[in-house]
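Starting from the given sequences, assemble the full structure and let the hints guide the process.
Chain by chain, the residues:
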Amino acid sequence: MTFSPGDLFLILPELLVITAACLVLVLDPVLSSSQKDGLAWLSLGTLAICMGLIASQMNHAASAFGGIVIIDAYACFWRLLLCFVAGLTVLLSHTYLREERLYFGEYYGFVLLSLSGMMVMVSAADLLTIYLGTELMSLSLYVMAGLKRSEPRSLEASAKYFVLGAFSSGILLYGISLLYGATGSTRLPAIAAAIAGRSLDDPLLLAATVLLAVGFGFKLAVVPFHMWTPDVYQGAPTSVTAFMAVASKAASFGAFLRVFVEGLGSLKANWSAIFLLVCIATLVLGNIVALVQTNIKRMLAYSSIAHAGYALIGVVAAGVAGTQTGEANGITAVMLYLALYAFMTFGAFTIVAMLRKGGLDGDEIEDFSGLAARHPLAALLMLVFMVSLAGIPPTAGFIGKFYVFMAAVEAGLTWLAVLALVFAAISAYYYLRIIMVMYMREPDPLTAASPRLIMSPALSIVLACAVAGVVFFGLYPSPLVNLAGHAVLTFK
Amino acid sequence: MAELFFGYFAGVIALTAVLVVALRNPVYSALALLVLFFHVAGLYVTLHAEFLAAVQLIVYAGAILVLYLFVVMLLNLKQDDRYHHQWRIAAFVCVPLLLEFLVLLAGNGVAPQSSPLTAEQTAAASDNTMAIGTTLFTTYLFPFEVASLILLVAMIGAIILAKRDIGEGGQT
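One line per chain: the protein sequences are W and Y, in this order. Under our numbering, the first sequence has 243 at position 240, and the numbering climbs by one with no breaks. Under our numbering, the second sequence has 153 at position 114, and the numbering climbs by one with no breaks.
Be a bit skeptical, because a hint or two may be false.
Stated by the list, open to error - DSSO-like mimics (lysine-lysine), calculated; alpha carbons at most 27 Å apart, straight line:
no., chain 1, residue 1, chain 2, residue 2
1, W, Lys360, W, Lys39
2, W, Lys163, Y, Lys202
3, Y, Lys202, W, Lys39
Claimed, not checked - Negatives, chain W to chain Y, calculated, CB over 10 Å:
no., residue
4, Leu34
5, Phe113
6, Thr417
7, Val484
By construction, these hints were calculated from the structure, which means they are not laboratory data. Computed from a predicted model, the values in this text were never measured in an experiment. Note that CB positions come from ideal geometry on N, CA and C, so glycine has one too.
Next up, the structure:
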């Protein structure tokens, strides 16, 4: 036997999430439709317990299953973030699904199963396990994207996501197999030991690095592997879009950093050059294309692409930095950025989900016109999220960008920070346009049904959490900075 | 001798892989895929992984491909030219990649790696099936269980996406 009961205790949060998911799936056909709310509360309760457990694991590092799983502060940071986002998703979905008439109890099961995949991704130190975690996450998301079956766009999103996701998984797996061929192991520490001192002269290693970069590039939705993002984000039910945009991106970054820092750390000079190009392309394309979008979900999709670009600056800075503190600063900045990004993006998508137009999503930017007059509070919250996404102080978005840019400057990439700053200024245009539409423009009197806003206590909690995160961490970021700094990975 | 077999199997695999995407009749493509699966199984035999070879035949050639052929014949896809207008793009991507890789290979060559197990060691280790079973249920227990969850998701997901008329109001 290569595992002990202690190993099971380490992965207790994952086990709880999976048990709750199975329970939801089993209970769903038994319960009458009025009792199905209970499934949401069950999921929520489990997630709360898991967050408590993970917080208690935060301070010690341990490995389980013979080094396949590593539960360290880094894994706990991401798992905590992911559980939190999943909790918000459950709360948001509770109202949104009723409005969309999607009475699927399985929905919550899929949120939890997808979450368990993400948690496996960020805590695995074995490429095969990371791959399986990715697949578990993605497969659940493919299904969730297609849940709105009455709408062709949702099915299109699901099919598109599935085909491109399967394709990218193939590439990722190809990279993993070549890396296995080059190093003789799938464990990250063993890989790091095998390639220490080797360069990319070995064609196997070069091909493996490039394929891994491409495979993760698809999951992170960075240019030029972003093609699926706008269509999928637009077509999927908005609650699923919020979950995908925040949680799946955070989990992918968590696994991506672990693989490239802990596994391929000695090739950092080589891969940071790749990601520098990807980063610049992402910043340019994400921000420029977002300017011309008329659908807010598409706009937020391009904005999420651009934000992945900002986070990549931290990765590049960590790769380029010569000193150990420089590297740590880069990684910390990425972790901090994604945590702050979670609050603002989730908040923005929640407002989008709340806006309804005659039984349909009110997801055109035009639908926001005159919102300030009718729903001043919602408009104010949207304003906060947009200002934060644009990176204007004193919001969380500014703090995130500040740390990323600082890491870049410290690593000697001042020009990259300046370039990113220019694109942040450009991005302010399309975020402020939403604010302009909400506050300055009157709704078109010719359109019959003016959009209305759905409200519920659950949605209020989601918005309160999101806006509290954006404002609190915008004014007083040090708790989160310390947490990320404590959890940071070191190059091996 | 081993190199000869490897050369044969690898050559046929590469050839049939190209045929799968190049043939215009989906049934022919599926048959090319069948030949490919057989040769992959042959490759496993040369590595003394008899269990994998058998699984390859039973699962891929036996189950998956037959299902695939069923679908192709049910949909009655005789000829599908929709996907055959991308030769230029494909060539544009693939030829530089191939050249690049060949240049790299010619320039440096692959560093010989001490792989964890050679074919002889695998054969000598113990019963092939038992070795796989032991590894799967001890060292790789965790990923194995994750894989089982993936199958669960795939199964339930397929049911949810396919059962069209139950569960939702439909009228928006």
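Original post:
Hint by hint, which ones does the structure fall short of?
Top reply: Number 5 only.
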